[in-house]
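So the protein sequences, as listed, match chains P and H. Just so you know, we're using the working numbering here: the first sequence kicks off at 8 and counts up by one. Just so you know, we're using the working numbering here: the second sequence kicks off at 49 and counts up by one.
Errors might be hidden in some of the hints.
To be verified - The following label-pair restraints were derived from C-beta to C-beta distances:
id, chain 1, residue 1, chain 2, residue 2, range
1, H, Leu190, P, Gln304, 56 to 64 Å
2, P, Arg28, H, Glu176, 47 to 55 Å
3, P, Val38, H, Ser130, 33 to 41 Å
4, H, Ile200, P, Arg215, 51 to 59 Å
5, P, Ala13, H, Gly177, 25 to 33 Å
6, H, Gly177, P, Leu396, 48 to 56 Å
7, P, Leu257, H, Thr128, 52 to 60 Å
8, P, Asn325, H, Thr128, 24 to 32 Å
To be verified - Here's a subset of chain H near chain P, in silico, CB distances under 10 Å, partners left out:
id, residue
9, Pro83
10, Ala246
11, Arg248
Quick caveat, the hints were computed from the structure, so don't treat them as lab data. Just so it is clear, the structure is predicted and the values come from calculations on it, not from any experiment. Note that the Cβ used here is the ideal one computed from N, Cα and C, for glycine as well.
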Amino acid sequence: MSTGVAWWRLVAAREVSTRIRDKVFLISTGVLLALVLGGIVIGGLLGAGAPAYDVAVIDRAGAELVVGTEQQLRAQTGASGAAVTATEVVDEATARAAVDAERVDAALVPTGDGYALVGRDEVPPDLFAAASSALSLSVLRTNAEQTGTTVQRLTAGSMLIEDVTATDAVPADVVSGIGFVMALVFFMTSIAFGIAIAQSVVAEKENRIVEILAAALPLRALLWGKVAGNSLLALAQVLAVGVVAVVGVLIVGDLGTVPAVGVAGVWFVAFFAVGFLALASLWSVAGSLATRQQDLQATTVPGQVVLLVPYLVALSGNDRAIEIASFVPIASSMTMPVRLVAGDVAWWQPVVSLLLAAVAAALLIRLGARWYERTLLQTSRRTTYRELLRRPTGGVPRAAS
Amino acid sequence: MLSATAGAVRLDGQPVTVEQRRAFGYLPEERGLYPKMRVGEQLRYFARLHGVDRSAAAARTSALLERLELAPRVDDVLETLSLGNQQRAQIAAALVHDPTALILDEPFSGLDPLAVDVLAELLRERVEGGVPLLFSSHQLELVERLCDDLVILNHGRVVAAASVDELRRSGGDAYELHVQSGSDLDWVGAIPGVRMVALRRGTDGDQVAAFELGRADAE
Numbered sequence: 008m009s010t011g012v013a014w015w016r017l018v019a020a021r022e023v024s025t026r027i028r029d030k031v032f033l034i035s036t037g038v039l040l041a042l043v044l045g046g047i048v049i050g051g052l053l054g055a056g057a058p059a060y061d062v063a064v065i066d067r068a069g070a071e072l073v074v075g076t077e078q079q080l081r082a083q084t085g086a087s088g089a090a091v092t093a094t095e096v097v098d099e100a101t102a103r104a105a106v107d108a109e110r111v112d113a114a115l116v117p118t119g120d121g122y123a124l125v126g127r128d129e130v131p132p133d134l135f136a137a138a139s140s141a142l143s144l145s146v147l148r149t150n151a152e153q154t155g156t157t158v159q160r161l162t163a164g165s166m167l168i169e170d171v172t173a174t175d176a177v178p179a180d181v182v183s184g185i186g187f188v189m190a191l192v193f194f195m196t197s198i199a200f201g202i203a204i205a206q207s208v209v210a211e212k213e214n215r216i217v218e219i220l221a222a223a224l225p226l227r228a229l230l231w232g233k234v235a236g237n238s239l240l241a242l243a244q245v246l247a248v249g250v251v252a253v254v255g256v257l258i259v260g261d262l263g264t265v266p267a268v269g270v271a272g273v274w275f276v277a278f279f280a281v282g283f284l285a286l287a288s289l290w291s292v293a294g295s296l297a298t299r300q301q302d303l304q305a306t307t308v309p310g311q312v313v314l315l316v317p318y319l320v321a322l323s324g325n326d327r328a329i330e331i332a333s334f335v336p337i338a339s340s341m342t343m344p345v346r347l348v349a350g351d352v353a354w355w356q357p358v359v360s361l362l363l364a365a366v367a368a369a370l371l372i373r374l375g376a377r378w379y380e381r382t383l384l385q386t387s388r389r390t391t392y393r394e395l396l397r398r399p400t401g402g403v404p405r406a407a408s
Numbered sequence: 049m050l051s052a053t054a055g056a057v058r059l060d061g062q063p064v065t066v067e068q069r070r071a072f073g074y075l076p077e078e079r080g081l082y083p084k085m086r087v088g089e090q091l092r093y094f095a096r097l098h099g100v101d102r103s104a105a106a107a108r109t110s111a112l113l114e115r116l117e118l119a120p121r122v123d124d125v126l127e128t129l130s131l132g133n134q135q136r137a138q139i140a141a142a143l144v145h146d147p148t149a150l151i152l153d154e155p156f157s158g159l160d161p162l163a164v165d166v167l168a169e170l171l172r173e174r175v176e177g178g179v180p181l182l183f184s185s186h187q188l189e190l191v192e193r194l195c196d197d198l199v200i201l202n203h204g205r206v207v208a209a210a211s212v213d214e215l216r217r218s219g220g221d222a223y224e225l226h227v228q229s230g231s232d233l234d235w236v237g238a239i240p241g242v243r244m245v246a247l248r249r250g251t252d253g254d255q256v257a258a259f260e261l262g263r264a265d266a267e
């Protein structure tokens, strides 16, 4: 009578419904989403990414040049929030001292033949370019007026604008930022939900409910249900983070980067799903090896290491290492999105990498299921990974088929 | 649960299949349910795991909780229940899918006398409906009241296995002889027709001999 039961779906539904009513889960998800939204909005409002400079000047002409510099900076960087403010000081020595003491970012001091832009260790290149344009423009305007013409007439046909052929080109700092955030999201979410899977498994052992479950359904179905339910939740959380991030960007109004990052985002979700699935059944094994929640500290170490190493590789910025890691299952979930955001990847690379990860996920789920079946009913003591590898059959109580 | 070390389990003369076994109702020695789940929700979940459809699972859950006088607690989280009530919920979990056979380890332990009566009545109904019941207990008067056949285990060994009537007949009458003197009571066992059960020292320093008189011999 019970052969047609979709056990795994019942188990998955229970995992999901239990979890979404768990206060700790709800609060931590809420905090995560609030942090993402807050980070983007506050960052955007404070003009993160939009440069802001404070420049010391010693005369009225200098102050006017600073106003022109701000306009140029906004035009050149495309950041409407860019700001250059003038701070008037009495003389050049004071201005230089202010730069040296880092009270201002630079000082604009007159020389015989124009101005010098003084920085402490260096002059910010974008500030220099903006100031240079502003100065040329202002001199041009004065000279044009003196010769009875206008700047527009003098500069007609001389406009050179910057353009790029790649339609999805994203500024380099944005690339590394988004790539690392994706790696971080995978790392954190995988560990959080992985440990949740392990906890859910060991809770069933601790509560002694596992005997009743084992009498009612195949252990394999129990495992698949847990993996499916928690993978679904993890994916839903990542999608929620993505939606909130896009909303945050829309609020700030910097839409330019959204479409380019969107493609990488879709790949990221695919890599997330496959990478998480590959590890999910092993997190269950971490739970079934333990007999008490405290044992998890030891049994989840391999899972954490497997995630931490590629995460560090993704952060390392070492292109060669990232490229290699982007074809290693699980590691690819953290490194391939980094490369995809950067946009220097042939189309077949993520496809091959994703297929490799899918194959690995299928194998690991099978292996995990076997280990899970062997260890789940061992409730008297913790089983070690060494025992798991050493004894392919027997040793620990085994469920009757 | 575990592979058998010896023997075989048969149902109607055939080895039990996995599907048949999953239709059994099982109350393990190690009690356990989901502590954070509501009672009703939990029972419906177990019913559905056993292949009962949604509406039938709901109907059986409420009927069973009504029977076990747990209906008012249907939406309470399990861990907020008293131990006695948790035990009732545990029994309900073993019965909720209308099992084809019942294997219950100490079903009466932890129950108050009223609940014992309710459960005994419930189990009797199931048995009369043709469901075989195998249970263990230390409460011998309950065993005598409910069972047809019984097996007595002492330190893992079978000491007796027969129907209640047979055991009662073969056992004859049991007596205890208390003697206040310090003398030995070994001789009691030597009397024909007397079967010594135990020799011990009583709480007040008495010598106690527990023995049975086989009916046939004693006449």
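Going down the list of hints, with the structure as the test:
1. Leucine 190/H and glutamine 304/P have their C-beta atoms about 45 Å apart, which leaves the hinted 56 to 64 Å range violated.
2. A hinted range of 47 to 55 Å is violated for the C-beta pair arginine 28/P and glutamate 176/H, which are about 41 Å apart.
3. At about 36 Å, the beta-carbon gap between valine 38/P and serine 130/H stays in the expected band of 33 to 41 Å.
4. In this structure, isoleucine 200/H and arginine 215/P break the distance hint of 51 to 59 Å, their C-beta atoms being roughly 27 Å apart.
5. In this structure the hint that alanine 13/P and glycine 177/H lie 25 to 33 Å apart at CB holds, the actual value being about 29 Å.
6. As the Cβ distance of glycine 177/H to leucine 396/P is approximately 50 Å, the hint placing it in 48 to 56 Å holds.
7. For the hinted restraint 52 to 60 Å between leucine 257/P and threonine 128/H, the CB-CB distance of approximately 45 Å leaves it violated.
8. At about 54 Å, the CB distance of asparagine 325/P to threonine 128/H disagrees with the hint of 24 to 32 Å.
9. With a least beta-carbon distance of about 6 Å to chain P, the hint placing proline 83/H at the interface is held under the 10 Å criterion.
10. Restraint check, alanine 246/H versus chain P: the minimum CB separation of about 34 Å is more than 10 Å; hint violated.
11. Interface hint status for arginine 248/H: violated, as the beta-carbon distance to the closest one in chain P is roughly 34 Å, over 10 Å.
Of the numbered hints listed earlier, those contradicted by the structure are 1, 2, 4, 7, 8, 10 and 11.
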